Each structure stands twice: as C-alpha cells, then as structure tokens.
Amino acid sequence: MAGQVSDREQATRRITTPLSDEVVESLHAGDRLLISGTIYTGRDAAHKRLIALIDSAGPTTSGRMDAYSPKLLDLGLKGMIGKGSRNEAVKEALKRNKAVYLGATGGAGALLSRRIVKAKVVAYDDLGPEAIRELEVKDFPVVVINDMYGGDLYVEGRKEYERKVHS
Amino acid sequence: MVREVDVARITEAVARLAVEACTYLGDDMVAFFEKAAEREESETGKDILFQLLENARLARTANMPLCQDTGLAVVFLEVGQDVHLVGGDLEAAVNEGVRKGYTEGYLRKSAVADPVDARVNTGDNTPAMLHTRIVPGEKIRVIVAPKGGGAENMSALAMLKPAQGRQGAIDFIVDTVSKAGPNPCPPIIVGVGLGGTFEKAAYMAKHSLLREVGSTNPDPRLAKLEDEIERRCNALGIGPAGLGGITTVIDVFVEEMPAHIASMPVAVNIQCHSARHKEAVL
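First to last, the protein sequences are chains A and B.
For the record, in the first sequence the residue sitting at position 73 is 404 according to my numbering, with numbers rising by one throughout.
For the record, in the second sequence the residue sitting at position 228 is 304 according to my numbering, with numbers rising by one throughout.
Quick caveat, the hints were computed from the structure, so don't treat them as lab data.
Don't take every hint at face value.
What the hints assert, rightly or not - Every beta carbon over 12 angstroms from chain A, so not counted as near; a handful from chain B, in silico:
| no. | residue |
| --- | --- |
| 1 | Met-77 |
| 2 | Val-78 |
| 3 | Gln-144 |
| 4 | Glu-167 |
| 5 | Lys-176 |
| 6 | Thr-202 |
| 7 | Glu-214 |
| 8 | Leu-233 |
| 9 | Pro-238 |
| 10 | Gln-240 |
| 11 | Ala-256 |
| 12 | His-283 |
| 13 | Pro-296 |
| 14 | Ala-311 |
| 15 | His-353 |
To be verified - Where chain A lies over chain B, by a calculated footprint (3+ residues, C-beta under 8 angstroms):
| no. | stretch |
| --- | --- |
| 16 | 83-96 |
| 17 | 106-120 |
| 18 | 125-132 |
| 19 | 136-142 |
| 20 | 183-196 |
| 21 | 320-326 |
Since the structure is predicted, the reported quantities are computational estimates derived from the model, not experimental observations.
For glycine and all other residues, C-beta sits at the position ideal for the given N, C-alpha and C.
All chains should be modelled from the sequences, with the hints used to inform the complete structure.
So this is what it looks like as structure tokens:
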C-alpha cells in the first residue's frame, strides 16, 4: 500500500514557486500538482495582524481567512494553499490578480510533513502555532480548487458525483 | 467492597492515551480507507484516500501526529460507584494528564482562553472537555478523544418541531453535511443525538463518535435510520477532501433518548477522517 501514493504521483505535474503569471494561467480547477520551492504559512491571528504578510504541515479551513485574503491578493499574493470553500470576494480577487487557490489534504499532517524540507519562523513568534513560517517544500501534493478563470472544483467535482436518492 | 484508586493513575492514562490517539489511527478506520480507496470512482478522490492510508502508516511508524490539529482533549470517564478516588482532585488530575500528554508528546496546543475576545493560548491544551459518568462496578474506564476544530465548526444543533418528524430530522442532518461541504475534512463520521434536552442531544452526538466504524446499531430501527442518512449523504457527491466523489461519509452513528412532548432536539456532531480515540480500563 505504501507504494500507491508514489506510483500515483509519477504522472503528476510538478511546479515550482514563486508562481509566475504563465504558470497560473496554465492552471485549471481539478489539476493535481506537486509543488517545490518556498511557501509561507499563516493562520487566523497572523492574518489579522498582517492586515492591521502572508498554510502548515497541514492546511486549516481557509474560509476563516476570507476577510483578509482579497487584500493580500491585491498586494501581490499569487497563490494560497489551504482547505475548504472560499467566498465570492476571494474568487473575484483571484480572477482580478491572476492568482490560484490550491487545496492540500487536511488531516494528512504526517504525510505532508515529509514533503517539507526546511521550516523556520519568520514573523510573529509570539503567536505559537499561528506564527508565520517559511517552508521549503519538495513535491508537496495539492489540487487546484479555484483557478483564475472562475473554476471551482468544490462545485464542479461535487456536481459530477451528485446523485438523486429516493428517501 | 470499595476499591481505592489514586488519581495519579488517571493522569498517567490520560497523558498516554492522548499521545496514542493522535498517533495511531484505529484499525477500523484503516480498513475503511482500504475499502473506500478501492471503490471510489473519482481518481482525485482515490488519490486522497491513498494519501490518508499512507499518512496513517507514516504516523504509526514515525511516531508523529496524524494531523497537526491534535484538537481539544475530549475525555470521557466512566467511574465505578465502588471506586474511592484518593490522592487529589479528579478534574485537576485529568487536566494534568492533558498537560503532560500534549507537552511531553509534542502535540499542538490548540486551546485559547477568553474565546470571544483576547483568545490567549492556555499553553498546555487544558482544560480537558471532561464528561464523567458514575456507573456500577469498581473499575474506571478512561477514553481520550482529541477533537479537531475544522469538523467541530461544521457541527449543528436544531430544536425542531415535533411535527417535522423523522423526515425533518433526516433533512436537517443531511443539510448540515451538505452545507459543511469540503470544510470538515471528508470523508466524515456523522454523530447524531436525537431527543433529550439541548445539552443531552449534543452529548449523545459526541458520544456516538466513539463507536467502531462499520459496526451495526443494535437497535434495528436506528440501524435503518443510519443507513438512510448514510445513503443520502454519500449521494451529495462531496467526496474525499470535498473534491468530488462517492465517499463522503465513513459511517453514521445515532444515539437517542426520550424528549419533551414539545421538543425534538437533533444534534449533528461531525467527525473528520482523523477519527481519533483510545481507551484504557483502570
């Protein structure tokens, strides 16, 4: 069973950060990717402070950051990694700024931590688990949830497998 | 006969079980992932399920938490009425166990005091969310069930009108799962409490989550209800991680008790796929 993940990743597209416009333009909701390069984490309290910089060995529910994300995207953020639905304001900001929202598997902290080569706290040390960390990742598995064209895998994926049930 | 038990033993048990629960996923869950990965129709959904299997294997072999959200420490104590607890305050002993387990086990501390304002981390993941029951006998059963925030946030309780009946209850439960969508880390366990009062309904929903995945409710009427809810939830198409698929629900567990003639409480406690609980009998 251990080989299943690596076998399935053979054919997966690899991208590196920082994300260029060309790469973002080529991404569509539903694409499976492996990311390598530097990324930054930030939970609730860090977002609050950033707005008054810029997810974790595992992602947290991103909707709690919806109030802050559009502004960060307008300031140049090109990609976000998290889990869970985003609101319309965030989706609009993705379109406006040529940016993407990527989903990492929630609750797979042990697996994802193996894909983090290096981590260091770069801001807000006092926030503990909510501090901002710089992570260097290698083949970090994500799926494109929201692309810059308005595509939304949470809506499209669900529609594809929705069935009528007689209750 | 009264049996004396030192509360320090409860501290030790809570500390050990917290670490074990966060590190070793139950065999019932692993068996579910294996079966689900085989039958899932979505290729992306299969990816996720294989990741979760690999994640459980890695956590077990490398001794690390399954999920970075090691939760609030929900603790169920079933204390035999013939036990005499000595050596200190029971609740303090449970909290000491949480402190020890989360600190020495390097589990994330996710508890914040002053929850609606300053939200200051308590530093040691205390207090425990403690539920104590006095039961016959001279044993103590300790269950530690760390509960992550993402799935807890998508849980709901409704005081429905009795006229809404069985169908109204099912609709509310399925609707809660539907609205939760990808947020609670599907596939999920749907814990349901029917009847009682407001707080009893919520407690039953939480307590139901301790059942073994794949087990059948001994009450045939509730077993049928569970099947019906499961079928409807899986038809939502949410799938693993919410990316679309036929595996939305791992299992549905229902507990019920009589309600007031004017009330029909329905509580839905959602459990993410990191369904963690371990127990010991002292």
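Comparing the hints with the structure gives:
1. No Cβ of chain A comes within 12 angstroms of the Cβ of Met-77 of chain B; the nearest lies about 45 angstroms off, and the non-interface call holds.
2. The non-interface label for Val-78 of chain B is consistent with chain A: the shortest C-beta to C-beta separation is roughly 44 angstroms, beyond 12 angstroms.
3. With a least beta-carbon separation of about 4 angstroms from chain A, Gln-144 of chain B fails to lie farther than 12 angstroms from that chain, contradicting its non-interface assignment.
4. Consistency note on Glu-167 of chain B: stated as away from chain A, and its beta-carbon is indeed over 12 angstroms from all of that chain's, at 25 angstroms minimum.
5. Every Cβ of chain A is farther than 12 angstroms from the Cβ of Lys-176 of chain B; the closest lies at roughly 19 angstroms, confirming the non-interface assignment.
6. Chain A leaves Thr-202 of chain B outside its interface by the beta-carbon criterion, the shortest separation being 15 angstroms against a cut-off of 12 angstroms.
7. The claim that Glu-214 of chain B lies off the interface holds: its Cβ sits roughly 38 angstroms from the closest Cβ of chain A, which is beyond the 12 angstroms cut-off.
8. Interface exclusion of Leu-233 of chain B from chain A stands, the closest Cβ pair being 20 angstroms apart, more than 12 angstroms.
9. Distance check on Pro-238 of chain B: its Cβ is at least 19 angstroms (rounded) from any Cβ of chain A, clearing the 12 angstroms threshold; non-interface status holds.
10. At roughly 14 angstroms, the least C-beta separation between Gln-240 of chain B and chain A is larger than 12 angstroms, which holds for a residue marked as non-interface.
11. Separation of Ala-256 of chain B from chain A is inadequate, the least Cβ-Cβ distance of about 9 angstroms not exceeding the 12 angstroms criterion.
12. Once the 12 angstroms rule is applied to beta carbons, His-283 of chain B is consistent with being away from chain A; the minimum gap is 22 angstroms.
13. At roughly 19 angstroms, the least C-beta separation between Pro-296 of chain B and chain A is larger than 12 angstroms, which holds for a residue marked as non-interface.
14. The non-interface label for Ala-311 of chain B is inconsistent with chain A: the shortest C-beta to C-beta separation is roughly 4 angstroms, within 12 angstroms.
15. Separation of His-353 of chain B from chain A is adequate, the least Cβ-Cβ distance of about 15 angstroms exceeding the 12 angstroms criterion.
16. Interface restraint, the stretch 83-96 of chain B with chain A: violated (0 residues with C-beta to C-beta distance below 8 angstroms; minimum three).
17. Here the stretch 106-120 of chain B counts 5 residues with a CB under 8 angstroms from a CB of chain A, which clears the bar of 3, and the coverage holds.
18. A stretch counts as covered by a chain when three or more of its residues have a beta carbon under 8 angstroms from one of that chain; for the stretch 125-132 of chain B and chain A the count is 7, and the coverage holds.
19. Figure legend: the stretch 136-142 of chain B, annotated as covered by chain A; annotation consistent (4 residues with Cβ-Cβ distances under 8 angstroms, at least 3 required).
20. Counting residues of the stretch 183-196 of chain B whose C-beta sits closer than 8 angstroms to any C-beta of chain A gives 4, which meets the bar of three, so the coverage hint holds.
21. For the stretch 320-326 of chain B, the stated coverage by chain A is satisfied: 3 residues place a CB nearer than 8 angstroms to a CB of that chain, which reaches the threshold of 3.
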